[in-house]
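To convert, note that position 200 of the sequence shown is 200 in this note's numbering; the numbers rise steadily by one, no gaps.
Do not take every clue at face value.
[Stated by the list, open to error] Computed Cβ-Cβ distance ranges for the label pairs, DEER-style:
1. LYS135 / ASN77: 19 to 27 Å
2. PHE185 / ARG98: 18 to 26 Å
3. PRO168 / LYS135: 19 to 27 Å
4. ALA164 / LYS135: 43 to 51 Å
5. LEU176 / THR139: 31 to 39 Å
6. LYS107 / THR174: 30 to 38 Å
7. ARG142 / CYS197: 13 to 21 Å
8. ARG98 / ILE193: 40 to 48 Å
Just so you know, the hints here were simulated from the structure itself, not pulled from any lab data.
Backbone N, C-alpha and C define an ideal beta-carbon position, used for all residues, glycine too.
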Amino acid sequence: MSHKANVLESAAKGVAFAGRGIRSLILFSLALVFFMLPSLALTQQTSSKTQPSDKASLVGNGNGSTEPDSANPIDPNYVIGPQDMLDISVWKEPDLTRTVPVRPDGKISLPLLDDVQAGGLTPAQLKAEITQRLKKYFTDPRVTVTVTTIASQRIYVLGEVTRAGAYPLLPEMTLLQALSSAGGFTQFANTRIYISCAWKTESK
């Protein structure tokens, strides 16, 4: 009987020791999780801040938007051509202020001045021309010429793209932006790209 009691007592001590070991392991695990939570939260926060900036850089490269970049400023040396849209503003003369298209012959129509040659001129040159001609009617005309839409210079994106066709050639436009304007590649596209440029040369 004494032997059985010793066995039972030993078993009880073993169970108690094992129980203390399990409790210690549980407490250790909880403490480890508690100390790791701030690090996990900081990592997730850093990752969420990094992703928008990467996306923004893609958009800046022309990969995230199907619309032309309106933020690109017009080069002051840009030469006006047919189908461009011009905003002609004359200070304190609302009847002369308007948005006009450049006709296929390169001219625009303005009140008092009738036809004015715009094609082949820069915005500054056209401003000077309009100002000079308005001096016949006003003492000190103040004219502003702004190119609002570039349509005379176009590119053609063909092949396995979503929307093949002609698109405006914007200042400093990249190949990636041109492909983005056409909606990007289709699922069957072979990503080998051919670029064809037509140059006008003068014979002497």
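Hint by hint, here is what the structure shows:
In this structure the hint that LYS135 and ASN77 lie 19 to 27 Å apart at CB holds, the actual value being about 25 Å. In this structure the supplied range 18 to 26 Å is violated for PHE185 paired with ARG98, their Cβ-Cβ distance being about 41 Å. About 34 Å separates the C-beta atoms of PRO168 and LYS135, a value inconsistent with the hinted range of 19 to 27 Å. The beta-carbon spacing between ALA164 and LYS135, approximately 49 Å, falls within the hinted interval of 43 to 51 Å.
Here the CB-CB span from LEU176 to THR139 is close to 51 Å, at odds with the stated 31 to 39 Å. The hint said 30 to 38 Å for the Cβ distance between LYS107 and THR174, and at roughly 33 Å that hint holds. Between ARG142 and CYS197, the C-beta spacing of about 40 Å breaks the proposed range 13 to 21 Å. Between ARG98 and ILE193 the Cβ separation comes to about 41 Å, which falls inside the hinted range of 40 to 48 Å.
Of the hints listed earlier, those the structure fails to meet are numbers 2, 3, 5 and 7, in rising order.
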